[in-house]
Amino acid sequence: METVNSARRDFLLHVGGAAGAAWIAAQWPAILVAAQHAHAAASANPAPAFEVLTPEQAIEVEAISSLIIPTDELPGAREAGVVYFIDRALKTFAEDAKPVYDQGLAGLNRMAGEMFPGVARFSAATPAQQEKLFAQLEEESQSGQRLNRRTRTSDGMNFAETIWFHTLAGFLVDPEGGGNRDYAGWKVIGRDPAHSFSPPFGFYDKDYPGWQPAAPETETK
Amino acid sequence: MTQAKLTFRPSDEVDFVIIGSGAAGGVLAKELSTNGFRVVVLEQGPYLTESDFTHDEIEIFTKHRLTNDPKRQPTTFRQTEQEKATLQPSVMYGRCVGGSSVHFTANFWRFHEIDFIERSKAGEIPGTGFTDWPITYADLEPYYTKVEWEVGVSGLAGASPFDPPRSKPYPMPPLPVKSSGVLFERAARKLGYHPFPAPMAILSQPRAGRSACVNCGFCLGFGCEVGAKSSSLASVIPMAERTGRCEIRPNCYVHRIETDKKGRATGALYFDAQRVTHLQKAKAVIVCANGAETPRLLLLSATNAFPNGLANSSGLVGRYLMPNSSAIAYGVFDEPLNDYKGYAVSRVFHDFYELDAKKLGFYGGGGLDARFDFTPVGFAMNGLPPGTPRRGKEFKKALQQNFTRTMEIFCHATSLPVATNSFSLDPDVKDAWGLPALRMTFKDHPNDMRMMAWMADRAMEILDAAGAKTKWRNPITEQRFAVHLLGTCRMGNDAKSSVINPDHRTHDVPNLFLCDGSSLVTSGRGQPTMTIQALAYRAADRITALAKRGDLAGQANHAS
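Chains as they are written, first to last, in numbering that gives the first Met the number 0: chain S, 0 to 220; chain W, 0 to 559.
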């Protein structure tokens with residue numbers, strides 16, 4: 000995969016740029032491990048098959064995550080493979096959120112029909128309708144209305160918050176964590192996927208002359 | 000993951016069993032094994048190494064790979080002793096070999112002279128158990144220097160006019176400045192303050208077979224993949240193991256310190272990974288389990304002779320919890336700072352270290368630092384200005400604009416010691432091993448609330464002077480969650496008003512020693528680990544001297 004290869008190449012270049020051969024000799028084993036680690040994890044993209052979500056649920060999850068982080072000239076939740084991240088999450092770290100998704104997705108589809116007659120499911124609603132639906136879902140979740148119906152499970156997990164968090168995580172986690180496919184999320188926020196950096200880091204430190212004690216005339220205390 | 004290599008059998012009576020392998024436990028293990036003693040370190044968490052560490056936020060934060068898991072070890076919280084505590088995560092600490100030093104920010108300020116003599120200087124403060132330490136800055140200075148050179152601290156001696164005296168410069172220059180540091184430095188100078196390169200327990204140069212920092216950007220919260228962060232795991236524990244006399248035994252959850260009829264400690268009782276109980280016998284026991292788990296273990300070790308908990312004749316085990324006060328302000332700038340690159344903090348100032356209580360109407364002091372310690376997911380959840388839409392185009396645009404252009408000013412400050420702020424055993428809730436859960440009782444002293452608000456105002460002024468186009472601050476709220484776990488088995492000369500003496504020996508049990516955040520008498524200004532490690536080096540000297548003169552079991556002073 001080009002992105003990963005170039006990230007790794009950049010990473011090794013950065014290392015070379017930092018301090019030269021002696022430094023590399025001293026650091027090489029640790030750095031190699033880190034680079035291989037990232038490479039292997041990012042190469043193992045999830046297969047396009049769902050293990051927990053039904054195909055119908057996956058369509059709704061993707062629609063909700065795309066509402067949260069839409070696609071425009073830059074990639075959104077869809078391009079980052081957030082739905083695959085969430086599918087994997089529901090059998091790993093978020094296993095206990097499975098009932099929240101089952102109830103929440105069914106509830107949201109019902110809500111779509113109630114609020115917009117003729118709309119059978121969330122994903123079939125227009126973008127403006129989807130926004131209204133999710134806003135309503137959030138409001139009900141916060142106020143605790145219709146408890147246990149579609150916004151919260153009996154142990155208090157909140158579907159709107161849960162899928163919001165999972166979407167952000169799937170969009171922005173290091174690809175080692177199974178989301179952020181092809182660093183789509185990091186492209187949006189401007190995080191360079193390299194594994195190491197050298198100064199200058201940003202605009203304000205690039206002309207920094209080095210630390211000096213405050214000149215006496217600037218002392219006001 | 001490193002598996003346990005059993006050097007000693009639990010039935011072997013080693014010289015020392017140390018409970019906890021963090022900032023203090025690691026140093027004591029290294030020092031005592033180097034001094035010729037046989038040492039077993041029991042660590043409740045796993046033995047992870049550099050190759051186990053990742054940048055995976057999910058792995059680290061939702062699975063609690065490096066820290067205590069609130070599901071298996073639940074905690075409860077209440078504000079006052081009159082309330083019934085309710086279930087909620089109330090503490091976080093490192094639960095792996097190296098303890099919290101594996102995931103910490105690595106801010107490594109020394110305490111100043113004032114931190115040891117605040118009570119004498121400030122007088123009594125109502126509602127507190129404010130008191131001086133039985134040792135001074137001068138007593139600790141050689142050990143601070145030892146930490147800097149042996150554990151590995153980068154910094155610039157003499158750069159802060161408020162620094163206490165030091166016997167040696169730092170062993171390494173400061174880490175490279177970040178854009179947040181430059182903005183902070185210029186603005187702070189404009190306002191007349193004295194910013195300086197932050198002293199950090201992160202290597203700026205390769206040292207002792209360890210890498211220099213590669214500025215990967217996954218620092219706070221994460222284990223360092225190249226060993227540049229000066230955790231106990233990267234620094235002193237390998238030295239301890241190389242002596243051949245120290246065994247680090249992971250996945251061992253100590254739940255009781257055993258005592259004999261004479262009231263002496265005989266060893267530590269622990270669950271291994273299979274939940275089989277063992278007794279590691281030792282001539283002396285040193286508890287370095289952190290300011291929450293150390294008092295909890297003493298309370299769990301009650302006997303007929305010690306009905307209120309081991310070494311608790313004073314009734315102060317668990318009391319005087321000080322989590323440090325803090326406040327955070329955020330600024331967004333026109334150009335990219337790219338502060339996600341590198342470690343967290345590059346500039347600090349200490350102009351507010353000793354504030355004028357008469358003028359301001361509250362007691363205390365602290366330091367401010369410039370930082371960016373958000374991970375990408377964490378930033379999306381918590382890093383945008385209040386009122387930013389949480390979804391849709393505007394949300395995405397804010398992420399796109401702000402991630403590279405945001406910085407924080409973090410204010411770190413004193414907490415006053417209040418007797419009712421404490422850790423104790425919850426009467427109802429049990430952990431996954433069936434042991435009483437940790438209960439935290441805490442309400443900030445009103446003085447500290449005023450100080451935090453004042454600090455946050457100053458941080459906002461600095462962001463203004465720095466030219467932030469958007470700025471905001473977190474609301475000042477009462478703390479319900481503690482990371483700095485300080486003061487809960489305080490040091491003192493008087494057995495009635497403290498738990499350990501200046502040798503870190505408990506007043507009640509001569510061969511039981513405590514050394515970690517619980518030993519602190521006052522809170523310092525928010526960066527405790529440096530002082531915890533200096534105390535640990537000093538404690539190792541004191542304990543070695545006791546052992547060499549045959550006084551480990553207290554024959555000289557505690558004949559029974």
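Check the hints yourself; a few may be wrong.
With a cut-off of at most 20 Å between alpha-carbon atoms, the simulated PhoX-like pairs for lysine-lysine come out as follows [stated by the list, open to error]:
id, chain 1, residue 1, chain 2, residue 2
1, S, 186, W, 357
2, W, 396, W, 83
3, S, 186, W, 396
4, S, 90, W, 70
5, W, 145, W, 120
6, S, 90, W, 62
Note that these hints are calculated values from the structure, not bench results. As the structure is a prediction and not an experimental result, all values here were calculated from the model.
- Query: Against which earlier hints does the structure fall short, listed by number upward?
  - Reply: The structure breaks hints 1, 2 and 5; every other hint is satisfied.
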